[in-house]
Structures are given as structure tokens and as C-alpha cells.
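Trainee: Below are the chains, spelled out letter by letter.
Number of protein chains: 2
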Amino acid sequence: MKQLTVELGERSYPIFIGQGLLDQPDLVAPYVAGSQVMIVTNETVAPLYLERTQAMFAGFDLSVTVLPDGEQYKNLETLNLVFDQLLEKRHSRKTTLVALGGGVIGDMTGFAAACYQRGVEFIQIPTTLLSQVDSSVGGKTGVNHPLGKNMIGAFHQPNAVIIDTDTLNTLPEREVAAGIAEVIKYGLIRDVSFFEWLETNIEKLIALNPEAVAYAIETSCQCKALVVSEDEREGGVRAILNLGHTFGHAIETHMGYGEWLHGEAVAAGMVMAADLSCRQGWISADDVSRIIALLEKSTLPVAPPKEMSVERFRALMSVDKKVIDGGLRLVLMDKLGYAFVTEQFESSNLDATLTCSSELSS
Amino acid sequence: MKQLTVELGERSYPIFIGQGLLDQPDLVAPYVAGSQVMIVTNETVAPLYLERTQAMFAGFDLSVTVLPDGEQYKNLETLNLVFDQLLEKRHSRKTTLVALGGGVIGDMTGFAAACYQRGVEFIQIPTTLLSQVDSSVGGKTGVNHPLGKNMIGAFHQPNAVIIDTDTLNTLPEREVAAGIAEVIKYGLIRDVSFFEWLETNIEKLIALNPEAVAYAIETSCQCKALVVSEDEREGGVRAILNLGHTFGHAIETHMGYGEWLHGEAVAAGMVMAADLSCRQGWISADDVSRIIALLEKSTLPVAPPKEMSVERFRALMSVDKKVIDGGLRLVLMDKLGYAFVTEQFESSNLDATLTCSSELSS
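Chains as they are written, first to last, in this note's numbering: chain A, 1 to 362; chain B, 1001 to 1362.
By construction, these hints were calculated from the structure, which means they are not laboratory data. Positions of the beta carbon are idealized from the N, C-alpha and C atoms, including for glycine. Keep in mind that a hint or two might mislead.
As the list claims (entries may be wrong) - Non-contacting residues of chain A with respect to chain B, defined by C-beta distances greater than 10 Å in every case (computed): (1) Asp84; (2) Tyr116; (3) Ile152; (4) Glu196; (5) Glu218; (6) Ser229; (7) His254; (8) Pro305; (9) Ser318.
What the hints assert, rightly or not - DEER-style ranges, computed between Cβ atoms: (10) Arg52/A with Asp1351/B: 55 to 61 Å; (11) Asp1026/B with Gly235/A: 51 to 57 Å; (12) Glu346/A with Arg1052/B: 43 to 49 Å; (13) Gly59/A with Glu1346/B: 57 to 63 Å; (14) Gly59/A with Glu1173/B: 41 to 47 Å; (15) Gly235/A with Lys1297/B: 48 to 54 Å; (16) Ala315/A with Glu1311/B: 54 to 60 Å; (17) Asp1084/B with Tyr338/A: 37 to 43 Å; (18) Asp1023/B with Glu10/A: 56 to 62 Å; (19) Tyr338/A with Gly1327/B: 51 to 57 Å; (20) Gly1327/B with Arg52/A: 17 to 23 Å.
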């Protein structure tokens, strides 16, 4: 088992990574606030891991809420089902919520914990690759609005993140690939040597080779933990974690939540960010080709859905959270393995990226 | 104009109290974060003060959301109307929300600000006595759930609180009285000399004599600001601000939100807290009589609705936020003008209080 720490002063917390962690009740007990625990999971994960997770918390006054599965349920209405249960079961301010599932469950459970009685504790037990390497770490929680993804939420850090890598064995291939998109992201924003490692080891990772998986998760979490420690509330550098996300959110909103997986939209978005960075003269056409090749090997999309027009992209991107007082800010690369946030790009280059991406996918 | 400060380190903010402040745009401008402002108000307040408030923010890119009026609309569904508007009008992370209205508008606007894009700035412009002396100060925000009041919310401090005491001139008498209940509360929890001042000056306050109003609001806000500075997130002493509220919330939940005004329920609840404190031997029967007399002069209820049974009270109080891991904690008085939080009271005394209160009101 590996242990990392997200350093945030009195809100610091550990990330445990290893096989079989779901069978270690002693690991989680110190991170429960009081005597009450509510596990929040979904209909897909419950039959696989709920029983073992219940056994982990057997010593506590335990309740369970099972939500429907899917990004399309990540909204205020579904969130209210968690509040209903908490109040029906009379959970106090000292309760601890446990998120058992992927990014949607983690984001919603974390947001429920942020808001219930103005804030209770929670623990992340992510069961998808995407949530293990990204959304379970860093305290971003929230739900979607029909007009924009993650528009309603809070910063609320978990007490601990428990990553049992065995849970990936039941994950559909498409979701493994979606998680790999975020893994590749870490190679692009801060760590070109990790990008090169991925170019060499991508087949092992896709095949869920345990050593490759452990290394990829640990490296990804370490990168995320460092960035979050530097900038918890995304006043600055943390925004680089959104490489590909402004384009990606536009795709997700256009398609309707749940049609494209988040990681798939981010994959296409990262290619668009790379394309724009190349048009700006910051990275080479060869860099872009390497990025596309790695994503294609991972069976990920490298272009947006063909029906998305330039106008549609422009409209959807202008409501993204990265828009500050009117100016569109994007995460771009000024060399392979180094991302930064900027409003300083040629609008004509962005148009060219949007136009050519549409053509590429048609 | 008076200026107080809520001391909370980098989250410190001013409270301005005076007549005609709605006509002073220079007062608010320094507290707006960016170029966008959204005023949130309700159907009752809008015809009275919206135009002047719009003029205050004339220099900004201004939007308005008008919500229905009433505690029964303080829920996630109405909150979503604010998010709809913010997204339709493309408000960015740098927007500033302005709460123009009473406690419901302040709590909901503050919670919308806490959650929109994971947190934006807001300004409180309270227009009722109750919100001026209580809910606009201290950063408690949130909405109700059918099973409990203020069960979903956040701590989110405003950038400034602007109290224009002229707005009380349009307030219905019943709501003035409801506000006086919270004013009396400050006399009971920390300041017996203020309680005595109220005994002498209650008629002036009811008649909205400007000097009496100014003194009562300033003294109340000063008391609240001090308690909040000591304990922002209610880990300890801040709970004394909830004197009468556990009983009061049970009344409000039982009656359905909006039937009893919050201040009315708190008035009855404070009498119950006084009754229980007396049964514990901590305050005298004469103290209880003085409290009842002051509330009655203010035309406030001094007992719960007669149909509320002991069992109903017990059930509703057990979901109140002051319940920590099973034990019922109440704010009681151990002398007139001094409140504290305790679980150490005789259960039989609580039963007697609940029983006699029911009889008293029948």
C-alpha cells in the first residue's frame, strides 16, 4: 500500500492506494467523525462493492443511499435524495458520508457533505480509474445545471481517499479508457517524463497490469495533490488541471450529460488545446501527433462530435467557469509537458481550431 | 451612519447602519468584486426598493431575479431559479450577488453565492428588522428541507452589510414584532442591561422611534458580530445565538413554513427555554415573568400552538442541528442575561416544560 498526503494545513488528508483496501476496516475508522455513517453509492456499484464497504463500517450506525447511475442524474434533484435519507435517518452534524463509486457519486456525495447542516465530514472511496486519478482528490464537489457542468458546488475536502485498485477489474473497458484520458493529462501539464512513460507502457495500462496501474495512479495523484496544495481554491495554477476541459465541457453539454463520458470529452478537448497551442507556435505539429497517437492507442476520441458547429462551441464555452469577466481563458501548452492558463491567443487561431476539429471528425 | 466590523481575519466585513443608505452608491461600490451584479429580491420588496437599489449599482452590468415571497419558498427549487438566471445572463465567477429583502432572501442569496461556480461574492441589504439584527450578519446561509429548517446550507460571509433603517417604515407591524423577538434575545443571552433598556423602551421601539431603532439595531449587531468573531462555524459559543430556536424550529416545521413567522416561533421558544431554565433552578419565576411580559408587550406569542403534543415536539427537536450524536443540546439560561449550551438538564423537566407549554397555549 502507498500513502500520499494532500497538504492543506489543518485540512490535510491522506490518499491510500493499494490492492484489497476494501477489506481493511482499520484503515478507515480513524477518519470517521462520530458514530453515524451514510454510504452513498449507485445502482451499478452497489451489487459489486456495497456489501464489503458495509463490512468496513460495521462498527458504526450505518445507513445507505443508492442513487441512479449516470452523469444525467448529477443534479439538485438527485442530490435531494441524499438529504431526504440523512434527515429520515436523523443524521446529526457529526455524521460522516462515504462516497462509493465514480466521479458522479464522489462529486455529489462531497457536495451533500458540504451542505448538509452547513457541512459534515466525508470519505472518498473511488471505484473508477477516472475518479481515482482525478475527481476524488482535491475537494471540488458539485452538480450540473442544464446550462453548464459543475456550475453548482463547493470546495469541500474529504477526510481520506481510499483507492482500492482491485475495483478496476470490474470496470467496463470504455470507462478504463476514459480514466486514461485524465492520466495522460498529467503527462501533458507538468511531467513530460510521465508522458514518455505512458507512450511506452500504454498497452500494459489498458490491460490493467497491476504494476502499471499502481504507478499511473500514484503518479497522477501525486501531481494532483501538489497542484491542489499550491492553490486549493483555483485562484491560479490549479486551473491547469482543466487542460482540455473547456472544450470538453462544451461537448458534454451539447451532447447531453452521459452521452460522451467525461474522459472522452476531455480527450477530444486536449487535442483541440494542443491544436490551438500548435497554431500559436508554442508546440510542434509532431507534439500534436504524439498526443493524438497516445489517445488513439487508448481508444479515445481525438475530435469533437461532427455536428458541433463553431458557433455552438463559442456559445457553450462562453459560460464555462474559466470565463472571467468576459474574457475567454484557456489552458494551453507552451511546450509538451507544460500547461498554463492564458487569455492571450489569436481569436482567428481558435476559430481555425474549432473549424478544423469539426472537419476532422466529419 | 454607524459602522461596525465583523472581525474574521481576511473574511472581515463592515456593517453600515443608518437612514437613507440606499441612496449612497459610493458606499457599496468598493464591495463589488467585478463588473457583474445580480440583485436577488422578492415580489413584495421589489416594488418598494428595487428601483433605488438598481440605481445604487447603475455603474455595473446589472441583472435582477425576483423570487416569490415567503418562507415556504425557501427551498432548493426556488434556489435553482437564481442559478437559472445567473447562467442565462452568463454571470462569471467574478459576479457579485446582492440580497435585497428579509431573512429568506438573505439566506437563499447567500447560499446561491456560496454554491454558484463553487463560490462568488455577495452583499446583504436587509430590509426587515429580523434580518437587520440577525440573519444578515454572520454568514449562515441555506434553505429548508420538508423535514427540517435550514438543513441544507453553507457558511459564506458577505462582503458588506448595508442596513438602511428607513426600510422598516414599510414593514408590517407583525414583522416588526417578529424582529423585536430577536432583539430581545440579545438581551437574554449576553447583556442584561440591554434587556433592562428594552423593558423601559419597548413602546418606542414598537413605534419605530428612530433613535430607539438605531440603538437596538446597533446593540444587536454588535453582540452578534462579537459572538460570530469568536466562533465563526458554531463549534461552541455561537450556539447561544440559537436561544429559543430548537423549540422554535419545531414549531415552524410542525406548522408548515410561513404560518408562524420565525421571530414568533423564537419568542414562544425563548419562553420555553426560560421555563426549563427555571425548572432547573437556574433562573427565578420572576425572571420568567419579566421575559413573558416583555414579549407580550411586543405582541409576540409566549406559548406554542396548542395542538402540538409533547411527542411531536420531542420528535421534531431530535432532528434539529443542535443534536450531536444522539444527545439533545439546548440553549438555556443560568441567569437572566446569560445563555449557555448544555445537554445537562433533567429529561423530566423538559417533559414538564413541553406539557405545561401546551396547556398554557390551549
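Trainee: List in ascending order the numbers of the hints, as given earlier, that are violated by the structure.
Mentor: Going through the list in order, the structure violates hints 1, 2, 3, 9, 10, 11, 13, 14, 18, 20 and respects the others.
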